[in-house]
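Asker: In case you want the letters, here they are:
2 protein chains.
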Amino acid sequence: MERLLNGPTGHKSKAQRFRGLPHPEPAKCGVYLSEMIQSKACFFTRNITDPGAAFEYAMFINIKEQKCVCIFQAGPLLEGAPGHVHGGAIAAVIDTVIAAHAAVHCGPVMTANFNINYRSPIPLGSTVLLESCVDKKEGRKIFLSCKVTSTDGSKVHTETTALFLTINASNLVQGVRHKHGSLPPEATTSE
Amino acid sequence: MERLLNGPTGHKSKAQRFRGLPHPEPAKCGVYLSEMIQSKACFFTRNITDPGAAFEYAMFINIKEQKCVCIFQAGPLLEGAPGHVHGGAIAAVIDTVIAAHAAVHCGPVMTANFNINYRSPIPLGSTVLLESCVDKKEGRKIFLSCKVTSTDGSKVHTETTALFLTINASNLVQGVRHKHGSLPPEATTSE
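Residue numbers (this note's numbering), protein chains in the order written: chain X, 140 to 330; chain V, 140 to 330.
Any given hint might turn out to be false.
Any copy, or any two copies together, can satisfy a pair, since identical chains are not distinguished.
The list that follows gives simulated cross-link-like pairs (lysine to aspartate or glutamate, DMTMM-like), each with its CA atoms no further than 25 Å apart [as the list claims (entries may be wrong)]:
#1 Lys276 to Glu174
#2 Lys286 to Asp274
#3 Lys275 to Glu298
#4 Lys275 to Glu195
#5 Lys206 to Asp274
#6 Lys294 to Asp274
#7 Lys280 to Glu298
#8 Lys280 to Glu204
#9 Lys179 to Glu195
#10 Lys294 to Glu277
#11 Lys203 to Asp274
#12 Lys286 to Glu204
#13 Lys286 to Asp189
Derived by calculation from the structure, the hints in this document are not laboratory data.
Okay, chain X solo, but in the shape it has when bound:
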C-alpha cells in the first residue's frame, strides 16, 4: 500500500485522503428461510478464520475521488486451476470490494451486472491490488469499474465493470421470514 498511502513529505499525501473500511459485521438482521440458517449465517469472504488460509484483504476508500483500493492475499484454500486462484474467488473479492465502495456512496446496494475480463491468472498465495472507481450514477443505478493488478501495478490480472442497484434496506432488516419465491419486490435486482 506504500505507493498509495504514503505520499512525499512536504505536501498533502494520498494517505490523508484514504481511510480504512471496516470488516463486514455478522448479519443481525435479514429475511431468512429459518432460524437455523440465520444462526449460522456468515459473510462469505470471512467464513474461514484461519489466518492467511483464504480471503485476506483490507479496503481503503477516498470519498472525494470516488476511489477504493484493496490489498488482497489469496490463500491456499482458494485454488482453481492447480497453483492458481479460482476465477470465482477473484470474482468474489472484486464483488465484495465494489459493493462496499458503492454502498459508501449510495447506501445498501445489490449486484445487477458483473462483467470480468481475466487477463492473466493469479498464482495461489500471492498478493494483489484492487482499484475500484465510481464511473457514473443514474437514479438507482451506480456503475463502477475495478482493476486487479500486481502490487506494483505492472501486471494486469482482471478488468471488471459492474452495475449495482440501490435497494430499500427495510426489506433486509424487517426480520420477516419469506418463503423462497416470495421475496419483497424491492429486493429484486432486475435491470
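Got chain X sorted already, so can you dock chain V onto it with the hints?
Answerer: Below, chain V alone, put in the same frame as chain X:
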C-alpha cells in the same frame, strides 16, 4: 433433479443421457509459489467440509446435447446481503460448473470473460438449479451460457455468458515453481 433425470416410462429418459461429473480431486500438480502453499491448497468450492455449510452441489452432463445441469444448495456461510447469497458465491459456483462443462468438451481451460446478470437474489439456504450450454467453439475459444433458476424453473436468479480459453496443461503439471509475474505465456488468458 427429478424433472431432468427421470423421464416417463416406456421411452428413453433424459436420465439415460445425463451422467454425473465427479468432484474435483485435490491438486497433485501445478506451479506453486512455495511448498507450504502447495501442501495446503484446496479447490475453492470444496474448502469447507461441514455438510451443508457452504457450497453443496452435484453436476450432471449430457455430452451429446452439450448441456450440463447442477443442483446447488447455498449454505449459511455464503452470505452477502443479510439473508441472501453473496453475488461472488453465485459467480463462484457458476464459474465452477461452466469450467467443468467446458473442460469435458475441450480439455483444460481457464476463464477469459464472465458476464453475469443478477435478476433476483437467492435466499440463503435455498436450493437452485444451474443449466449450462455450450454456445460456440472457435479455435481455442469456447463460449458458454448458464442460467440459475429455482428448482422448478419458474424463477430466474441469474443469466451468465462466459468465454473460456483452452490452455496447455503441461504448464500446470510440470511442477516447476515460477515467481509471481513470470508465469509461462501459454497460461495467460488474454483474449
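Asker: Take the hints in turn and mark each one as holding or not.
Answerer: Structure-based check of all given hints:
1. Lys276 to Glu174: For Lys276 and Glu174, neither the intra-copy (37 Å) nor the inter-copy (46 Å) Cα distance is at most 25 Å.
2. Lys286 to Asp274: within (13 Å within a copy, 28 Å between copies)
3. Lys275 to Glu298: both (17 Å within a copy, 24 Å between copies)
4. Lys275 to Glu195: neither (29 Å within a copy, 37 Å between copies)
5. Lys206 to Asp274: within (10 Å within a copy, 37 Å between copies)
6. Lys294 to Asp274: within (22 Å within a copy, 31 Å between copies)
7. Lys280 to Glu298: both (20 Å within a copy, 19 Å between copies)
8. Lys280 to Glu204: Only inside one copy: Lys280 and Glu204 sit 19 Å apart there, 38 Å across copies, limit 25 Å.
9. Lys179 to Glu195: For Lys179 and Glu195, the Cα distance is within 25 Å both inside one copy (21 Å) and across copies (16 Å).
10. Lys294 to Glu277: This pair counts as neither: shortest intra-copy Cα distance 32 Å, inter-copy 27 Å.
11. Lys203 to Asp274: within (13 Å within a copy, 44 Å between copies)
12. Lys286 to Glu204: Cα proximity of Lys286 and Glu204: one copy only (16 Å, versus 37 Å across).
13. Lys286 to Asp189: Neither way: Lys286 and Asp189 sit 27 Å apart in one copy and 34 Å across, limit 25 Å.
Violated hints, in rising order: 1, 4, 10, 13; the structure is consistent with all others.
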